[in-house]
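Novice: Below, each chain spelled out in residue letters.
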Amino acid sequence: MEVVAVLSHGPAEPDGVIDPPELEPPAIEPPRPVLVPFCFWLPRTAGSSRPLDPPDPTALRSAIRAHLTELGWADAQPLRWAITAVDPLRGLQLEGVGMRQVPAAREHR
Amino acid sequence: MSDAPPLPTLLVIPTGVGCAVGGYAGDGLPAARLLAAASGCLITHPNVMNGAALYWSDRRIHYVEGWALDRFAAAELALAPVAGRRVGLLLDAGIEPELRARQLQAAEACRATLGLAIGPVVTTDVPLGVGLSLGPSGTSWGTLERPDALLRAGEKLVGAGATAIAAVARFPEDPGSEALAAYRAGSGVDALAGAEAVISHLLVQHLGIPCAHAPALAPLPLDPDLDPRAAAEELGHTFLPCVLVGLSRAPDLVPLAGDGSGRASRGPAGRSRQGHGTAPAGGLLEASSLGAVVAPAGALGGEAVLACAARGVPLIAVAGNACLLQVSGEALGLEVLSASSYAEAAGLVLALREGLDPGSLRRPLPRLELVPGG
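Residue numbers (the working numbering), protein chains in the order written: chain A, 1 to 109; chain B, 1 to 374.
Be a bit skeptical, because a hint or two may be false.
Just so you have them, the derived chain B footprint on chain A, three or more residues with Cβ under 8 Å [claimed, not checked]:
id : segment
1  : 29-38
2  : 67-76
3  : 86-99
Which bits of chain B does chain A cover? Going by a derived footprint, with three or more residues having C-beta under 8 Å, they are [unchecked claim]:
id : segment
4  : 126-137
5  : 330-341
Since the hints were derived computationally from the structure, they do not count as laboratory data. What you are looking at is a predicted structure, and each value in this text was computed from that prediction instead of being measured. The C-beta atom is built at its ideal place from N, Cα and C for all residues, glycine as well.
So here's chain B without its partners, still in its complex pose (with noise of 0.2 Å):
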């Protein structure tokens, strides 16, 4: 284990694009794991840690929904750790009585066994109408029909003491289609992704407080060739539990002041600080303090990698989490420090964290430019 200071790393993984590592039911998190072991500091997003009903914890891993993460990457927030925190649940008024029992039971359940402080519970209005979609590019994109609805029922359980929301809405199904059938067996993008991260955007956008997503599903028929990455989401009857766990210790989002001071001012819903155990003044984790940024390498095109990249935060791009976009370093312009799999990635960060120069690593090594007239 490394003695030198920790370097705060950002790890994304887009949601809703094939990505071959993390494109699933939470199968980054090995990778997340072996990151945060190495930066000995990590933000990333749920799409990245949630597994269904599996889940890891883990003190250096800041768990911050993707809206928020962008506009941290855009040194408009900051992260303030906090010991815990009350989450409430959203349910879409969509979702039949047995599978909304089962959501009710799983965050139960998350309560007696876990300990986390959950509620309290609002039911939307009226059903949210989720809407499934993929754009040309074929990544998955999706709507609601009353987002409103969905901003109405967060409004009351920011009312009634909810520091962070776990929504579940519900979504369309087809049991039979080509698209679930090639998802399941690992060649096929999550259709549920786009949609899910919509949701979490409104709310966190509109609300300033952490906000994560799960679906709410029939169970499906048994797959015998189900591929080990789609397998956590077949565990059970809910995909609550891990969007509960990540919530709980997710951190306080601080709008920074727009005057480039970087001073903490207040959110947009008149809150600074929400959780309890909120770190003191001077413990904010803030976008000026990272170190390195991970990111799929044909994935590079999302708001929060541009923004570290144009602040010169050294970029790691793995060649080896293909995905079915190729928006590369070399097609944006963009120096990156290439790395074969999240291992070799991971291999980077370590290097960053102990001041080595990554380049030293590589051979060829060159020799050292000579500036003329030096």
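Just chain A, same shape as in the assembly (with noise of 0.2 Å):
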């Protein structure tokens, strides 16, 4: 099946005269998605403000940016998570998987 469609990615189309091939800048590729896994631990108190308070789904997903961040993944997001086991001393157990953009050019890590 034919498909016409526009892609929000696509280059621009000038309305005027196109510039001479010699003259066109190079075509800049969109940032592109790249997932990252992750697992950690999170200590009990980080989301929540006692031990056994239940944890605040809002405070987990920014403790989980942070802990992309920490490596080295300052844009990722999380996309895909859950609590996968709970332990007394070390906390909650986090294993999910984040997305993050980079450079089309870039090598995935």
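Grab the two chains, each in its own frame, and use the hints to assemble them into the complex.
Specialist: Structure representation (structure tokens):
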């Protein structure tokens, strides 16, 4: 089936005369999403005000972002995650996959 | 049947954690049907409803992908029922020609036999490169080498008129693996589930429309000892029909304003309503109307359940649905209504719908607590 569609990341077409090829700027590739699996233990007090308070999902998302930043992925956001274990000493085990944008030419980590 | 108003209820059976009920091929569906009857309005996710060639369509059940379900529970999205929608088909370029033809024929069958609006069809510009893995807890996770290709194909489909997307990716397979043998014997984790969830999460987050995924896999050799819960996946050549049926009436995902007003706003891609026959204004289903959430007793650490619990929505923990995890209400400090099975959970939902205190149905019945000085 033929599909007629406009990609949001596609190059814009100029209205006027197109520059001669030698004067065209190099094509700028949009950033590319990359998935980053993670798993870490979060001390229980970091996700709640007291050790036995139920975990606050907003605080947990922030903790995941902070963890990904520590790993060098400052722009990464959690895509899918869950608490997969609870330990009285180590706290909450957070396991999941984050997503970050990297320049298209950069190698995947 | 109850004549009380419906009690919107959220059913969560996490994907890829080896749930005894709902961890296989749509074997959470009977529980979903029962809870839909008890509540009059059930919101649940594809993992519960998808049985490959088997499915069940029920107007009381709202089919909401996991990422959107989490955002719904967090009161960031509302759901707007629709009469129907056009489901675009996204095919991984890594699918071999014969397997691809099978997917297309499944889609044609759903058009011809069920009358669903399907199309257009777009193939990714490069293979998606699905990778499967297990996390430290033993749950299934997965990644994609080329999420950018997935999202580009999704954009093409939306540009061509699709208001929902059924994605089919080529999954790696190892017919001789111990993990697959355990799954087919009814004692393992669905190794594909984690990667499937990542694919649908990516699409829904990026496009703001309902999306779900079916894996493309070659048929397996006959296993005479196949567990009944895994049998639905061995009936045909594709897992696609249930996805197409589920998406065909999946509700619109309506972003809510982040100012706490609960007002609907436009979506991330500039779309606020997509399906046809949408409910009138005020017909939105929002997290604030949830009357119960039902989840396996050992898998309460997901975002949707935690968000509901934080809002004080009654949490029914089903002890009879064992899984790999032991993230219980007690471990997390959550107050739960314990149910030994989904049948008991449905009874609790019905009690809540009828305005009964579930505690009054249990014995011993403690005396009223007297507040000192009262």
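Novice: Against this structure, judge whether each hint is valid.
Specialist: Do the hints match the structure? See the list:
With 5 residues having a beta carbon nearer than 8 Å to a beta carbon of chain B, the segment 29-38 of chain A meets the requirement of three or more and the stated coverage holds. With a cut-off of 8 Å between beta carbons, the segment 67-76 of chain A has 0 residues touching chain B; three or more are needed, and the interface restraint is violated. For a cut-off of 8 Å, the count of residues in the segment 86-99 of chain A with a CB near a CB of chain B stands at 7, and the three-residue condition holds. Under the rule that three or more residues need a Cβ within less than 8 Å of chain A, the assignment of the segment 126-137 of chain B holds, with 4 such residues.
Counting residues of the segment 330-341 of chain B whose CB lies closer than 8 Å to any CB of chain A gives 4, which reaches the minimum of 3, so the coverage claim holds.
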